[in-house]
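S.K.: Residue numbers (UniProt numbering), protein chains in the order written: chain A, 1 to 273; chain B, 1 to 265.
Read the hints as simulated data drawn from the structure, not as lab findings. There could be a bad hint or two in this list.
[As the list claims (entries may be wrong)] Among the chain A residues that face chain B by a calculated CB cut under 8 Å, a handful are:
1) Q40
2) Y142
3) R145
4) F148
5) P150
6) L174
7) G175
8) T176
9) T177
10) Y178
11) S179
12) A180
13) A189
[To be verified] Some residues of chain A that are not near chain B, with every Cβ distance over 12 Å (derived):
14) M1
15) Q22
16) L108
17) N113
18) Q207
Idealized CB from N, CA, C, for every residue including glycine.
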Amino acid sequence: MNHNPQAWGRPRDDVYGAYNSQYLPQHHGGPSAHPTTHTQSPIVTGTSVIAIKYSTGVVIAADNLASYGSLARFTDVKRLKPFNRKAVVGFGGDVSDMQYLDRLLSSLDVQENYSHNNDDPEDTKALMSAKNLHTYLAKVMYKRRSDFNPLWNSLLICGLDEKNKPFLATADLLGTTYSAPTLATGFGAHLAQPLLRKAVPDEEASQKLDKETAVEVVRECMKVLFYRDARSMNEYSIAVVDEKGVELKEKEKLENQSWAFADQIRGYGTQTV
Amino acid sequence: MAALSSYSMPTEQPAFSFQNQPQSHASGGPTQHSFYPYTDNGGSTLGISGSSFTIIAGDTRMTSGYNILTRYAPKLFRIGGEGPEHAGAKIVLSVVGFAADGQALQERLDMVVKMYRYQHGKDMSVHACAQRLSHILYNKRFFPYYVQAILGGIDEEGVGALYSYDPVGSYEREQCRAAGAAASLIMPFLDNQVNLKNQYEPDAPQGLEKPQLQPQPLDRQTVEELVRDAFTSAVERHIEVGDGLQMMVITKDGIEELYSPLKQD
Chain A
1 MNHNPQAWGR PRDDVYGAYN SQYLPQHHGG PSAHPTTHTQ SPIVTGTSVI AIKYSTGVVI
61 AADNLASYGS LARFTDVKRL KPFNRKAVVG FGGDVSDMQY LDRLLSSLDV QENYSHNNDD
121 PEDTKALMSA KNLHTYLAKV MYKRRSDFNP LWNSLLICGL DEKNKPFLAT ADLLGTTYSA
181 PTLATGFGAH LAQPLLRKAV PDEEASQKLD KETAVEVVRE CMKVLFYRDA RSMNEYSIAV
241 VDEKGVELKE KEKLENQSWA FADQIRGYGT QTV
Chain B
1 MAALSSYSMP TEQPAFSFQN QPQSHASGGP TQHSFYPYTD NGGSTLGISG SSFTIIAGDT
61 RMTSGYNILT RYAPKLFRIG GEGPEHAGAK IVLSVVGFAA DGQALQERLD MVVKMYRYQH
121 GKDMSVHACA QRLSHILYNK RFFPYYVQAI LGGIDEEGVG ALYSYDPVGS YEREQCRAAG
181 AAASLIMPFL DNQVNLKNQY EPDAPQGLEK PQLQPQPLDR QTVEELVRDA FTSAVERHIE
241 VGDGLQMMVI TKDGIEELYS PLKQD
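All chains should be modelled from the sequences, with the hints used to inform the complete structure.
M.R.: Structure, rendered in structure tokens:
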């Protein structure tokens, strides 16, 4: 009998041969032919995420495209991830880092579910709010940038805070965080944010905004982004978070597009004017 | 001199503060993409101390390049006190520069001051807090917090205390200090109006021996007006400053917070 308890239940070396660590990464004992590498630039990327606060909740949207440079590579990538019935995270930037964060959030949610009953709407004391989740994600992002191994994303975290008030904030690859009644990442910061701010110039205006208008403004912004952002597509996800929970639609199509402006454009292309 | 009022990003060329990549590369070698862990989020802060109070102020705009990220991101933080609301706090920290580092620095100092009260059963003095902040900054000497900090409070004699810092922890106690994007606009104004630089006895006869006016501690209303004037002027001339003016007045009775709008253009 082998008297080493660590060996019990493992494949025996005299039967199967020693474990082949060839396929393991270096920090797990793999071959050291290659140095450990950190993300220095994003590869497969998602474009803008936009969100707006209204009187009782938050609306957030992002399209379903993951680009490989200028190639529209994956067309059904869901970039809005519901965390629990109070919080949704929208991911822009590197898709593999998004998937890592999604796994991280899944395991966090499992841990959190041991401390309370997630299905009981009355049991909200221990339920992680969007604000808690934002703090958590901001710390993860800041730690990774301080290790020079950033997660190449910009995140919008939205939902309800611990007092069930609408909450919207962001965290990016540098660990920078901020909050505003309307937020947009990536190209959306240039194209959508001015439109969102026209609808909601300040906190006061967002407290007066109703859900239908908020959704309408966001849909309009997604259309403008599709007109002008070359890394966008016409199918998108939209989520509304309020006290009733998360209402997530992942296969929305842009409607009532008007390309009437297109033939007015002069100065490049094939026209000979 | 401790805190350089015109602290800028590492470049020799004239540039906007938000051009955050190192400007020059050794030519000939392959271009390497590398992750640059800092950015500049703009904004400006200012502190003035009086005989029985200290005022710290900052605008609430947060920027990234030409984008306004948000119109309300406070740069002023209460340090110590009880609970997450900092009830009863008497020290204020202002940070300007890289916002994520500023947030991290604020959390660390707050934790230190709260632990001090927990372990010693009394509040930390501003003097001790100021030195501790210097140590926290210097501890990260080789990967600094990219912020210019100003710390304000009331000292053990009841006199307004103001300390200013550079990113690696060099600090000194001063009467007034401006930091951040518009520091180079505000500081000369403060030199003239608070420290009465280049102001001479008007009644003295012309000549080389004309005596300089001696700075006197200012009263609270005068200081508040100076702060407002400094910021309304800075907003006109600097694109990274604006949206709102947050002021914290620290007296022996605690901290009074004031907010007034600035131009949003």
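S.K.: Each of the hints needs a verdict: does it hold here or not?
M.R.: Cross-check of the supplied hints:
1. Given hint, Q40(A) at the interface with chain B, holds; its Cβ is 5 Å from that chain's nearest Cβ, closer than 8 Å.
2. Restraint check, Y142(A) versus chain B: the minimum CB separation of about 6 Å is within 8 Å; hint holds.
3. A distance limit of 8 Å between C-beta atoms decides the matter here; for R145(A) the minimum to chain B is near 5 Å, and the interface restraint holds.
4. At a threshold of 8 Å, the smallest CB-CB gap from F148(A) to chain B is about 6 Å, leaving the interface hint in force.
5. Interface restraint check for P150(A): the shortest CB-CB distance to chain B comes to about 6 Å, inside 8 Å, so the restraint holds.
6. For L174(A), the shortest C-beta to C-beta distance to chain B is roughly 6 Å, which falls under 8 Å, so the interface hint holds.
7. Evaluation of the G175(A) hint against chain B yields a held restraint, the C-beta minimum of about 4 Å falling below 8 Å.
8. This hint holds: T176(A) has a C-beta 5 Å from the nearest C-beta of chain B, less than the 8 Å allowed.
9. About 7 Å separates the beta-carbon of T177(A) from the nearest beta-carbon of chain B, less than 8 Å, and the hint is met.
10. The beta carbon of Y178(A) is positioned within 8 Å of a beta carbon in chain B (closest approach about 4 Å), and the interface hint is therefore held.
11. With 8 Å as the threshold, the beta carbon of S179(A) comes within range of chain B, its nearest partner Cβ sitting at about 7 Å, so the hint holds.
12. With a cut of 8 Å, the hint placing A180(A) at the interface with chain B holds, because the nearest CB-to-CB distance is about 4 Å.
13. With its C-beta approaching chain B no nearer than about 5 Å, A189(A) sits inside the 8 Å limit, and its interface hint holds.
14. The Cβ of M1(A) lies farther than 12 Å from every Cβ of chain B, with a closest approach of about 53 Å, so its non-interface assignment holds.
15. Distance check on Q22(A): its Cβ is at least 30 Å (rounded) from any Cβ of chain B, clearing the 12 Å threshold; non-interface status holds.
16. L108(A), annotated as away from the interface, keeps every beta carbon of chain B farther than 12 Å; the closest lies near 21 Å.
17. The Cβ of N113(A) sits about 25 Å from the closest Cβ of chain B, beyond the 12 Å cut-off, so the non-interface label holds.
18. Its beta-carbon lying about 14 Å from the closest one in chain B, Q207(A) satisfies the requirement of being farther than 12 Å from that chain.
When the structure is compared with the earlier hints, no violation turns up for any of them.
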